[in-house]
Amino acid sequence: MAIATVAAAYAQAGLQINSIFGGKYCADSTVTETMMTGNQRFLKKHGLSTFATFKGPAAKFASVIQPLVLADGAHATGRNIRYSDGKLRYAFFILPSVERDGHRINRYLYYINSEGVRKPSVIVIYFEGRITPDKASALINTMPSNLKK
Amino acid sequence: MNDRIDLPTLLALLERYYECSLSEEDEHRLRGIIATTPLRHPAIDEARAVMGFRRTHRVAKGSFAAGLKVYGAVAAGLAMLVAVGITVQDSYRQCDPGLSCIAYVNGSEVTDEDVILRIISEDIREFNDGVAADNESMLDDLDDIVPIIDFYESESFPKL
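Read top to bottom, the protein sequences are chains B and P.
Just so you know, we're using our numbering here: the first sequence kicks off at 1 and counts up by one.
Just so you know, we're using our numbering here: the second sequence kicks off at 1001 and counts up by one.
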């Protein structure tokens, strides 16, 4: 029962991109990774249960992360993706929602490979919760300027 | 905050709870109300799920044994929540189990929520900058295509 509860409590489990989180690259000085889960005030404010980001140099991580993002995106119910020179440059996926304690948990996955800029990097943003697609987009667009706990 | 609360007031408090506008003391009291209130509403069920409380059946008012069951269920729920939290984080975090707010920056671990929020904000700012640059690149590509489309739609393009 405990195992089932754990699995249900963590909707990100089962996704390919889960393999880049969880501290796998915590010793890599080129990587920035964040993970918020549980009863954080920031999460509650935005109707979220998990928020995670990963940033690493494009040259090192694009080939690792692109297949994972595309594998998860293959099951998406909504998507916006762009390729350039045969590489995935931008992706936004609305992943299939999951049920937890009788409630629908919406899941969103963002990816960008900004190889054209001065410091090329790959960034993955994943979050899940009751948040609607419109509010998810608004959160990403306004969060840097409006971030409050 | 009164434990004998009516439904509209309770729903309003729940809204404030999700907006994080309750004081910690009021939030603590609200959790107590949510755990024991006889009121029924989907929002209350959802709050119980969010707060980690689960009730499987209604309890007769004034019954000591039933009251014990409620508190027992709450205690068991809290214990399970703690156990689940530890288990989830333990299996999920290889580097530092037991934390629900954590970051790794340049090989160092960060657990301060404010610092982590700033890191997240910076990552998203960089993400948005990347998206803007990608949009400009796409517009440049479209600029290259526009003359071709114009030519195709012009009189000088041979009719098929």
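Please note: incorrect hints may appear among the correct ones.
The calculated lysine to any residue pairs, modelled on SDA-like cross-linking and capped at a C-alpha distance of 20 Å, are [as the list claims (entries may be wrong)]:
1) B/Lys45 / P/Leu1010
2) B/Lys45 / P/Asp1129
3) B/Lys119 / P/Asp1129
4) B/Lys135 / B/Ile105
5) B/Lys119 / P/Tyr1018
6) B/Lys44 / P/Asp1129
7) B/Lys45 / B/Lys119
8) B/Lys87 / B/Lys135
9) B/Lys44 / B/Lys119
10) B/Lys45 / P/Asp1045
11) B/Lys44 / B/Arg79
12) B/Lys45 / B/Asn141
Chain B residues, not near chain P, derived (Cβ > 12 Å throughout) [stated by the list, open to error]:
13) Gln16
14) Lys24
15) Thr34
16) Gly38
17) Gln40
18) Ala58
19) Ala76
20) Arg79
21) Gly102
22) Asn113
23) Pro120
24) Asp134
25) Met143
26) Ser145
By construction, these hints were calculated from the structure, which means they are not laboratory data.
No residue lacks a Cβ here, since even glycine has one placed at the ideal position from N, Cα and C.
(message) If you test the structure against every hint from before, which numbers come out violated?
(response) 2, 5, 6, 7, 8, 9, 11, 14, 15, 16, 17, 18, 21, 22, 23, 25 and 26
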